[in-house]
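Visitor: Kindly produce the complete structure, drawing on both the sequences and the hints.
For the protein sequence lines, the chains are A and B, in the order given.
Under the numbering used here, think of the first position of the first sequence as 14, with each following residue one higher.
Under the numbering used here, think of the first position of the second sequence as 1153, with each following residue one higher.
Rather than coming from a laboratory, the hints here were simulated on the basis of the structure.
Bear in mind that the values here come from a model prediction, so they are computed numbers and not experimental data.
Just so you know, even glycine gets a beta-carbon here, dropped at the ideal spot from N, CA and C.
Hints are not guaranteed to be accurate.
Here are the simulated DSS-like cross-link-like pairs (lysine-lysine), alpha carbons at most 27 Å apart as the crow flies [stated by the list, open to error]: (1) 1288(B) with 1185(B); (2) 314(A) with 1374(B); (3) 307(A) with 1280(B).
Part of the chain B face toward chain A, derived, beta carbon under 7 Å [claimed, not checked]: (4) 1244; (5) 1274; (6) 1276; (7) 1427; (8) 1437.
The residues making up each chain are set out below.
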Amino acid sequence: VNRLPWLVRDLLMLAIAIAVLIALGYGLERIPINGIAYYNRVLLLIGINISLAVSLNIINGHCGQFSLGHAGFMAVGAYASSFFTVYYFSPIVDRMPEGMQQFAVQNALLLVAILAGGAAAGLAGYIVGLPSLRLRGDYLAIVTLGFGEIIRVVILNVEKIGAARGLSGIPRWANFFWIYFLAFVTIVISYRLVQSSVGRAFLAVREDQIAAEAMGVNTTKYKVKAFVIGSFLAGAAGALFAHFMMYLNPRMFEFLMSFQIVVMVVLGGLGSISGSIVAATLLTALLEVLRDVKNYMPGGKDPRMIMYALLLIILMLTRPQGLLGRRELWQVLRRRKDAVVNASEGPPIQ
Amino acid sequence: LQEFLQNLLNGIAAGSIYALIALGYTMVYGILKLINFAHGDVFMLGSFVGYYAGGWAATHATGVPPIITAGLIMLLSMVLCAAFGYVNERIAYRPLRNAPRIASLITAIGVSFFLEYGGQFVFGPDPKFFPTLVPKHIITLGGVITTNYQLIVLGVALAFMALLQFIIYGTKFGRAMRAVSFNFETASLMGIPVDRVISMTFVIGSALAAVAGILYGLSYPKIDPLMGILPGLKAFVAAVLGGIGNVPGAVVGGLLIGIVEAFVGGSALSNYRDAIAFVILIAILLFRPSGLFGRYEPEKV
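Guide: Written out as structure tokens, the structure reads:
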């Protein structure tokens, strides 16, 4: 395979990935197990959370810019894409007769909606990124947090997208294929980014901004780049989230949501792509498993989130560097064989 | 003008509550460089202690003058919250002191979740009505309508701010605190018991949050386990506005946010009331990246 030209090789990989995802998506819905719909739902949520965590990892983990407003970007993408589908795309599809053509148009329009959501969120990321460059560390964190809240309050006041009532009537176009395709694309982009000169610049900015600047890295430019890429992908994930939940409400994108994404990234290990994937999967699954605890409680009270909080504290106390640290999963597994220190390995972020 | 004064007064009353919470944020940040996200929920805890103690006092301590009961309730709330702050630091933050800073941030988030959902579990998720600890009077001052509550809030908040100012600049402990916040390692080399100073900082901050919780309960009697989130965030914004780590800055930031919110709340843009604190924050940080009173510290190699 390595002898093929890179473009052919990449397209081949993409085609294989698409084929596998379509086959998996087709198969998963048809497994004859009771309650498979519920498991599929959880699986799709995991896929969305993977995209969110990996995209935030680009900003937080690779570029070292602490962002607490990822839910805000997600909200921008979700609302922007749903605006298009609810008002323009859905009527088109509904008017068409059922069949292959409708199916094709529906998916093409979904792609457009995802891209529109991503673009809107990317633009928002650019707008937030530009002024916040002067800020460092925690000041940046609080500005991104503030931005997330501002977005939410603005959405609450725009009647056209439902305001406080929420936006309903979004068709359920997102499916296994689209959600995991986005996760795949996000992971590939993120992985390739780290290997590229842009990604190396991100790492340099993370490790030491002054040294990076001294070496000729335009730190401002790369920080904005990280923000725009990360928020674009978050917006795309938000678009899929909207077309999966079929309903949006500003309350979904409260501070809690941003927190949960940050927790996934940190718990997985800042800068570790596979760490983000593992943590997103584990935490999403954990929240679902903890749902059952309610059945064992007298009085029907739900201690789910309390247990989640406690587990979070305990996990962080026992593994402050995250589950995988800065390594990737395969590096952790291979560690015993050769103790090669990875280039992205550095002193802990202080 | 009357409306202006009215808004100003309401703003100052709300702002002094923000300021009290912001003090806890700014002290902890000044020393540990940690955004203690659980602080807003300690504020909630303080309010709930007041709710239950007030409920108890209403049936069991009928003969006691209300001022004394209110004072005792506030004291009880302060003690309990301070104890919580101490335990919180001991369990969730101290073991991570040498870990990457973001790790303790996540445990702070964890503690915050724990308090919010633990509160929903124990107190119930429905809003509760804070008892009237002191009989309410309406006072008219030159056309401006106020209540004795607003005056109490102002008075108590000011008293505690003065007390804090005295602790920080007038006592030996305060000097130790400033030394630790200036340079952690040097302070410990100079024989300052850093751990104890940090514990005490949490104790003081949490006690102030408890005071804010009681005052909030008096002024806005509807309390629920998630009530700490938004005031907590805004108080943090206030601390950042004033220059985080800077005590007078936190007070000014809190008052500023309270006043602007009161004015926005009384105008046509009242729907955007909750966002305005963040808008001010971004606007100010654009021009003064380290807050209004923050020292600009150029990064050194």
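Visitor: Against this structure, judge whether each hint is valid.
Guide: Outcome of the hint check:
Between residue 1288(B) and residue 1185(B) the alpha-carbon distance is near 41 Å, which puts this suggested pair outside the 27 Å criterion. Distance check on the hinted pair: residue 314(A) and residue 1374(B) sit about 22 Å apart at the alpha-carbon level, within 27 Å; holds. A distance of roughly 24 Å separates the Cα atoms of residue 307(A) and residue 1280(B); the hinted pair therefore holds under the 27 Å criterion. Using the Cβ-Cβ criterion of 7 Å, the hint placing residue 1244(B) at the interface with chain A is satisfied: the shortest such distance is roughly 6 Å.
Taken as an interface hint, residue 1274(B) does not check out: its beta carbon lies about 9 Å from the nearest beta carbon of chain A, beyond 7 Å. Proximity of residue 1276(B) to chain A is violated relative to the hint, the smallest CB-CB distance being about 9 Å (cut-off 7 Å). At about 4 Å, the closest approach between the beta carbon of residue 1427(B) and any beta carbon in chain A falls short of 7 Å, and the interface hint on this residue holds. Because the beta carbon of residue 1437(B) sits about 6 Å from the nearest beta carbon in chain A, less than 7 Å, this interface hint is met.
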